[in-house]
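Trainee: Below, each chain spelled out in residue letters.
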Amino acid sequence: MSHADTIPFHSSSQSDIDEIENLINSDALSATVSAARPPSPPRASFSSAALPPPYQKVPRSSSLPLPPPPVTPSAAAPRPGGGVAADGFGSPPDTLTEPVLDTVKRDLTRIVSNLKLVVFPNPFREDPGKALRDWDLWGPFFFIIFLGLTLSWSASVKKSEVFAVAFAVLAAGAVILTLNVLLLGGRIIFFQSLSLLGYCLFPLDIGALICSLKNNVVIKIVVASITLAWSSWAAYPFMSAAVDPRRKALALYPVFLMYVSVGFLIVAID
Amino acid sequence: MDPVQPTGENYANPKTCFFHVLFKAAALAFYILSAIFIDSFVIIFVVTVFLAALDFWVVKNVSGRILVGLRWWNEIDEQGESVWKFECLDQESLARMNKKDSWLFWWTLYLTAVAWIFLGIFSLIRFQADYLLVVGVCLTLSIANIVGFTKCRKDAKKQIQQFATQTIASRFTSSLQSAFSVV
Numbered sequence: 001m002s003h004a005d006t007i008p009f010h011s012s013s014q015s016d017i018d019e020i021e022n023l024i025n026s027d028a029l030s031a032t033v034s035a036a037r038p039p040s041p042p043r044a045s046f047s048s049a050a051l052p053p054p055y056q057k058v059p060r061s062s063s064l065p066l067p068p069p070p071v072t073p074s075a076a077a078p079r080p081g082g083g084v085a086a087d088g089f090g091s092p093p094d095t096l097t098e099p100v101l102d103t104v105k106r107d108l109t110r111i112v113s114n115l116k117l118v119v120f121p122n123p124f125r126e127d128p129g130k131a132l133r134d135w136d137l138w139g140p141f142f143f144i145i146f147l148g149l150t151l152s153w154s155a156s157v158k159k160s161e162v163f164a165v166a167f168a169v170l171a172a173g174a175v176i177l178t179l180n181v182l183l184l185g186g187r188i189i190f191f192q193s194l195s196l197l198g199y200c201l202f203p204l205d206i207g208a209l210i211c212s213l214k215n216n217v218v219i220k221i222v223v224a225s226i227t228l229a230w231s232s233w234a235a236y237p238f239m240s241a242a243v244d245p246r247r248k249a250l251a252l253y254p255v256f257l258m259y260v261s262v263g264f265l266i267v268a269i270d
Numbered sequence: 001m002d003p004v005q006p007t008g009e010n011y012a013n014p015k016t017c018f019f020h021v022l023f024k025a026a027a028l029a030f031y032i033l034s035a036i037f038i039d040s041f042v043i044i045f046v047v048t049v050f051l052a053a054l055d056f057w058v059v060k061n062v063s064g065r066i067l068v069g070l071r072w073w074n075e076i077d078e079q080g081e082s083v084w085k086f087e088c089l090d091q092e093s094l095a096r097m098n099k100k101d102s103w104l105f106w107w108t109l110y111l112t113a114v115a116w117i118f119l120g121i122f123s124l125i126r127f128q129a130d131y132l133l134v135v136g137v138c139l140t141l142s143i144a145n146i147v148g149f150t151k152c153r154k155d156a157k158k159q160i161q162q163f164a165t166q167t168i169a170s171r172f173t174s175s176l177q178s179a180f181s182v183v
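Protein chains in written order, with the UniProt record's numbering: chain A, 1 to 270; chain B, 1 to 183.
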């Protein structure tokens, strides 16, 4: 699920996309087999890290020839199209055999970059509506679980209920808020919005962590309000960019309400 | 997880098959057995859902590619539209895929979903809403993988057909051309 990116890691998936386009556009008339094409530069460093297994060396003589590289999206880093292998599967010699650790690292990098994009102030952030294109649900998953665990841990009674309620409210809340935006005529993609709302839980995670350590009510209220303001601030540009300006408040108020209720949960737990 | 040279008889990628089944079985086993041993719902929830999520990731990113040569993902293009991409190996590699591998892949995929449905029915009967939540999450993950790979396979078949008709058409026209050029 990666998009055009300047991070070299992503270029392997990006060249898969080129590979697919080649597959679709391939001209079966010309039976010429393209000779072993040199790997595109960002991939060269990547492929050298992966061990090529003997299995991949089987000559693919009848594989689809690759036409001239398709025009890449303007936001992408310049890259010779066509990927590496001539076997129509994108980059199997590399990502197929890439050590699992590499895939994990790639996903983790994406989580961190999404987090930075959404939650932290970033003056160089491009149009917010397009910023979270590289959505993933792993970050939100970890944040929801972490929030549930923290709330459950700091509860002295009914730990299981607290966890279940927190998880259900956050998950269902994210889905309902997304539906709300869609029904208001907003232009946002379902998973993108889920991903965004999940990432915006990060400040509340921090708030819950701090509140679980200190039991003073006043400190808890202060911390909870700061973190929920931060969460709402983080969600604001994306949500408001997605809907009609006259309906901004209708889209944003429920989000704010949800974060306020989570804030209450954090403060009320003792 | 380096794939071994396919023998055509045994599993070609035993390690991948093992991992493919491992997390699914672990999630199911943990969920079923935990009711006996563990008191805390939170632990049951977190561990089961975590195992199910790991399984989802392994199937989507690793075993899908190695065992059946299929891959699917979602992208958002420049216009902000969501695009689902499906990818498959070319036909000759697909034909070379080990039959046992793909049999295991598809059957375990379907069986896990059915197992979760059964467990869901049990917890529904017992009015345990929180366990239903666990089952719901795991079921969603299994179904997402099933839908993704089934669509991918259909797409692959369609592409193979298109490719086949194109090749036949091109061969036909080229033989016609050569026949006429001789004349």
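Treat the hints with care, as some may be off.
Not close to chain A: a few residues of chain B, all C-beta gaps over 10 Å, as computed [stated by the list, open to error]:
id : residue
1  : VAL21
2  : LEU22
3  : ALA26
4  : ASN61
5  : VAL62
6  : SER102
7  : TRP107
8  : ARG126
9  : ALA129
10 : LEU133
11 : ILE143
12 : ILE146
13 : THR150
14 : GLN161
With a straight-line Cα cutoff of 20 Å, these simulated DMTMM-like cross-link-like pairs (lysine to aspartate or glutamate) come out [what the hints assert, rightly or not]:
id : chain 1 : residue 1 : chain 2 : residue 2
15 : A       : LYS116    : A       : ASP136
16 : B       : LYS15     : A       : ASP270
17 : B       : LYS99     : A       : ASP134
18 : A       : LYS214    : A       : ASP270
19 : A       : LYS159    : B       : ASP39
20 : A       : LYS105    : A       : ASP136
21 : A       : LYS158    : A       : ASP244
22 : A       : LYS158    : B       : ASP155
23 : A       : LYS116    : A       : ASP244
24 : B       : LYS60     : A       : ASP136
25 : A       : LYS159    : A       : ASP102
26 : A       : LYS158    : B       : GLU75
27 : A       : LYS105    : A       : ASP134
28 : A       : LYS158    : A       : ASP136
29 : B       : LYS85     : A       : ASP205
30 : B       : LYS60     : A       : ASP205
31 : A       : LYS159    : A       : ASP244
32 : B       : LYS85     : B       : GLU75
33 : B       : LYS60     : B       : ASP155
34 : B       : LYS85     : A       : ASP270
35 : B       : LYS60     : B       : ASP39
36 : B       : LYS151    : B       : GLU75
37 : A       : LYS159    : B       : ASP130
38 : B       : LYS60     : A       : ASP102
39 : B       : LYS60     : A       : ASP134
40 : B       : LYS85     : B       : ASP155
Keep in mind the hints are simulated off the structure, nothing from the lab. From the three backbone atoms N, C-alpha and C, an ideal C-beta is built for every residue, glycine too.
Trainee: Which of the listed hints are broken here?
Mentor: 4, 5, 9, 10, 16, 17, 21, 22, 23, 25, 26, 28, 29, 30, 31, 34 and 35
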